[in-house]
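*Asks:* As they're listed, the protein sequences go chains A and B. The numbering used here applies: residue 95 is where the first sequence begins, and numbers increase by one. The numbering used here applies: residue 154 is where the second sequence begins, and numbers increase by one.
Everything labelled a hint here was simulated from the structure, so no lab data went into it. Any given hint could turn out to be false.
Stated by the list, open to error - Under 7 Å between C-beta atoms, here's a sample of chain A residues computed to sit facing chain B:
id	residue
1	Gly123
2	Gly151
3	Tyr152
4	Asp272
5	Pro275
6	Arg297
7	Ile298
8	Gly324
9	Lys359
10	Leu368
11	Phe419
Said to hold, decoys possible - Subject to a maximum C-alpha distance of 30 Å in a straight line, what follows is the list of computed DSSO-like cross-link-like pairs (lysine-lysine):
id	chain 1	residue 1	chain 2	residue 2
12	A	Lys317	A	Lys283
13	B	Lys158	A	Lys341
14	B	Lys240	A	Lys473
15	B	Lys182	A	Lys322
16	A	Lys359	A	Lys317
Ideal placement from N, C-alpha and C gives every residue a C-beta, glycine not left out.
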Amino acid sequence: MSSRPSEITISAEGMEVEIIPVEGEINVGPQHPGSGHMRIYVKVNGDIIEDVDMDVGYVHRAVEKLSEIRTYMQIIPLVERPAILDSINMNLGYIMAVEKIMGVEVPERAQYLRSFAAEVNRIASHLYGTGILAIFLGHSTGYMWGFGDREVWVEILQALTGARLTNSYIIPGGVRRDLTPTIKEMTLKAIAYQRKRMAEWRRIFLNNPNIRDRLENVGVMSKENAIKWGAAGPNLRGSGVNYDVRKAEPYAAYDKLDFEVQVYKEGDGYARTLVRFGEIEQSLNMLEQIIKEIPEGPILADRFFKMIPPARVKKWWDGMRRVVFPGYFASFRPPKGEAITRVEASRGELVYYVVSDGSATPYRLRMITPSYRSIYVFKQLCKGSRYPDLVSIYGSLDYFPPEADR
Amino acid sequence: MDKVKEYKKEKNPFRLFGYHLAAVGEGIKHFIRPKRMTLMYPEEVQALPTGYRGFIRFYKDLCTGCTMCAMICPADAMKMVTQEGKKYPRINYGRCIFCGFCVDICPVDALKETPIHDVAFTSREQFRFPPDLFNEEFQEEPPLLSKPVKRVKPIIDEDRGVIYVPDEQ
């Protein structure tokens with residue numbers, strides 16, 4: 095047997111395996127279910143990833159440009175679409191920016207309802223992310239469980255807002271529908287169910303040595319790197335950075351709610367997963383607090399509520415606990431101005447920048463989505479890791495391509 | 154200031170074996186007593202709650218032709234057409250995103266949400282509902298099944314998550 099200089103031979107008792115370092119490229123996606131709507135161009139050397147090129151933009155929908163020709167109300171469904179499983183948070187950030195320009199005071203009850211919907215949505219979104227991570231790791235039970243448990247929360251959102259995912263629930267000055275006793279009861283049952291499930295999730299997924307081996311010490315991001323690479327949300331908190339917009343700059347009712355920011359030191363895939371699980375538990379606590387503490391009162395700012403015809407107020411608000419739109423919403427013109435807001439969406443900090451020139455459509459809308467900031471993090475984390483860990487890192491980042499492409 | 158947590162990296166092989174057993178045991182538990190929450194569509198159909206934003210019904214006699222529904226429509230599904238000198242909305246369900254904005258803004262409540270959601274059309278022409286068709290009660294095609302369709306209602310349960318019970322209506 096001729097021996098080339100590049101050959102490496104591993105010999106164990108009676109066995110000889112030849113490993114020839116091979117350099118090459120592997121295409122992952124864009125059709126592969128594991129890559130999402132994205133092509134990952136992986137340069138490998140043997141089993142080691144040398145570099146990763148992310149070919150993003152397959153689901154670019156020009157949300158920012160489209161919003162320049164839409165009225166302020168028409169943008170509500172538009173900004174939800176990038177992250178359809180996180181629509182309440184996407185909607186909330188945009189509406190907060192519009193309210194800042196218009197100078198609208200939101201009633202207390204509406205603020206609580208916004209937090210309520212956002213937390214239900216956060217649980218649903220984290221369960222989705224966990225399900226996707228589980229199927230990436232070959233754990234199809236976790237996938238089914240994630241999507242099954244999510245159904246409970248989606249059902250609550252459906253009862254509250256009238257739609258499963260495309261909620262369009264938050265409007266300038268408040269929210270569209272009120273929390274009824276039926277929904278309160280549903281939520282309390284769902285909280286009890288989810289608490290029981292968390293123990294089962296721990297046994298089958300989190301403490302499962304198979305899963306831990308795939309996630310521990312994989313894709314380790316140090317605190318310094320997390321800040322330098324611009325990670326956001328649970329990925330940032332998994333690296334030991336204590337930053338949560340709900341604490342740093344409280345919006346909605348978060349200044350009145352008591353919760354703990356989940357921060358883990360390790361910075362690997364397992365820490366990021368634990369942050370998400372911890373956040374689900376914190377969200378359950380928050381939902382209980384909201385149900386207990388929610389004040390009575392209007393759910394739409396007085397300024398808009400007065401514009402609704404009295405006959406309609408009687409029918410919808412007194413009868414069905416729903417507010418309807420005043421005619422003003424058909425095409426309102428906010429004063430000239432600009433506003434920047436940020437919210438903690440499920441995947442991290444979401445920033446909206448809206449410029450109004452006094453017309454019925456915004457002059458400019460800029461949205462910086464948390465998944466967009468995961469692209470560079472993913473590229474950096476993959477360098478030097480093994481090829482099978484690509485999906486593990488990808489899943490642990492909870493990257494959502496449509497949200498990044500917008 | 155919230156504290157930075159650390160998780161314990163397990164090295165003890167006996168405890169790791171225990172975790173394996175716990176995971177397998179959990180799987181066996183669910184194998185014997187599954188917590189299935191599948192809706193057996195189309196044999197079972199979910200009865201949608203009141204306030205569900207499904208297909209929209211139009212009441213022509215109430216309409217004042219104010220065009221507000223067409224103005225707010227985010228998807229341009231609602232358009233105004235003139236009939237006998239009066240303006241009425243027509244809807245294109247190929248574009249409708251079921252946001253319910255038109256229902257909420259109509260000052261005379263001439264539009265109403267119905268809990269009808271799953272409808273199939275055979276051609277694109279059928280997506281468009283001119284005012285007269287839009288005015289009619291939505292006709293649900295009987296599904297091509299030998300068995301009658303069971304209408305079920307989802308109920309949140311503390312043990313099973315979502316359970317579907319027969320709907321009495």
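*Asks:* It remains to establish, for every hint, whether it holds in the given structure.
*Replies:* A quick look at each hint next to the structure:
no.: 1; hint: Gly123; in the structure: violated, 28 Å
no.: 2; hint: Gly151; in the structure: violated, 23 Å
no.: 3; hint: Tyr152; in the structure: violated, 22 Å
no.: 4; hint: Asp272; in the structure: violated, 11 Å
no.: 5; hint: Pro275; in the structure: violated, 14 Å
no.: 6; hint: Arg297; in the structure: holds, 4 Å
no.: 7; hint: Ile298; in the structure: holds, 4 Å
no.: 8; hint: Gly324; in the structure: violated, 20 Å
no.: 9; hint: Lys359; in the structure: holds, 5 Å
no.: 10; hint: Leu368; in the structure: holds, 6 Å
no.: 11; hint: Phe419; in the structure: holds, 4 Å
no.: 12; hint: A/Lys317 <-> A/Lys283; in the structure: violated, 39 Å
no.: 13; hint: B/Lys158 <-> A/Lys341; in the structure: holds, 18 Å
no.: 14; hint: B/Lys240 <-> A/Lys473; in the structure: violated, 56 Å
no.: 15; hint: B/Lys182 <-> A/Lys322; in the structure: violated, 46 Å
no.: 16; hint: A/Lys359 <-> A/Lys317; in the structure: holds, 8 Å
Checked against the numbered hints above, the structure breaks hints 1, 2, 3, 4, 5, 8, 12, 14 and 15 and satisfies the rest.
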